[in-house]
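Oh and the sequence shown: position 159 is 617 in the working numbering, straight run, nothing missing.
Check each hint, because a few of them may be wrong.
As the list claims (entries may be wrong) - Restraint-style ranges between C-beta atoms, simulated for each label pair:
{"#": "1", "residue 1": "Arg-542", "residue 2": "His-729", "range": "32 to 40 Å"}
{"#": "2", "residue 1": "Glu-678", "residue 2": "Val-630", "range": "26 to 34 Å"}
{"#": "3", "residue 1": "Gly-551", "residue 2": "Pro-622", "range": "37 to 45 Å"}
{"#": "4", "residue 1": "Gly-572", "residue 2": "Ser-549", "range": "41 to 49 Å"}
{"#": "5", "residue 1": "His-681", "residue 2": "Leu-507", "range": "29 to 37 Å"}
{"#": "6", "residue 1": "Arg-751", "residue 2": "Pro-622", "range": "35 to 43 Å"}
To be clear, the hints were calculated from the coordinates, so they are not data collected in a lab.
Built from N, CA and C at the ideal position, the CB exists for glycine as well.
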Amino acid sequence: MSANADANRPSNPRTDHGHAARRSASWTIAHTPDETPGPAGSQSIQRALVLLNLVGVLARDRPDGVSLAELTRVSGRPKASVRRTLVALASEGYVEQDPDTALYRLGVQARVLGGLAGQDSDDIGALCTDSLIRLADASSDTSFLTMRHGSYGVCTHRQEGPGPIRNYALAVGDRHPLGVGAGSLAILSALPDDDVEAVLASTSTTRQRYPRFDDASLWELVHRSRQAGYALNDGRVVPGSWALGVAVPDAAGRPVAALSIASIAERFDRHRQDELAALLHQEARTVHAALIRSQESRATRGRP
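Model the full structure from these sequences, guided by the hints.
Here it is, written out as structure tokens:
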């Protein structure tokens, strides 16, 4: 049994235990940078990085690569501009084009950067690996790590549980405004009110693609999450796909990530919500403690 998603058809959801058509790739990522102004002259860099991320996300589900036409359609940018950016990225090794099919995928330099990032002793993903496995095993469902990136949440890790249900509403690389999805909402709810206001202002244009996540609805969800002690996505993103998330604070207490568990609505009655929340809080404390130890170790290494 699976909970797939096609966000191009949210107005016609199926109701058979979380089943839906496979989601479209264009729903899995907000393809724009934060709407807050960046440094002068940074617009071309931002566009190149957004396109690089888009190549990675779209090619994730297409092993042979993604076409220029698809990148143009999903990014909403002029074809000539997309082509120029791809040529520049390819010249530096961040993307590569198959000479036979003309399809694009991530290049060797992008893979090198990914490997270097994975060697960072402070990498939250590495610190969360055991927690994600324990959550998936204990729940028999799918666990996720969502990282905060400015006003957005990015799914960076996914761990399948041993149960028969597979929830495909979220995958590694998916990027949504904070508040969209259980882990993302957990991060938003853990921020001070002033920061919540700043996030909503930053993502106001992007959230026009998310009809159930206007400012008033998000504030309601934030207040509900704070009162409950966890964030619940009750099918708001993809009909039938439910998830529960808890924020992970860094050593300074700032919400930098979230752990979540996703399945179908039938597996989220109130009693099980409390059980899952307890599991998530336990693992969030474990990761928080690991982050503190990592920071203390780094400080010690840096002393003369």
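**OP:** Could you tell me which of the hints above the structure violates, numbers in ascending order?
**Re:** 1 and 4
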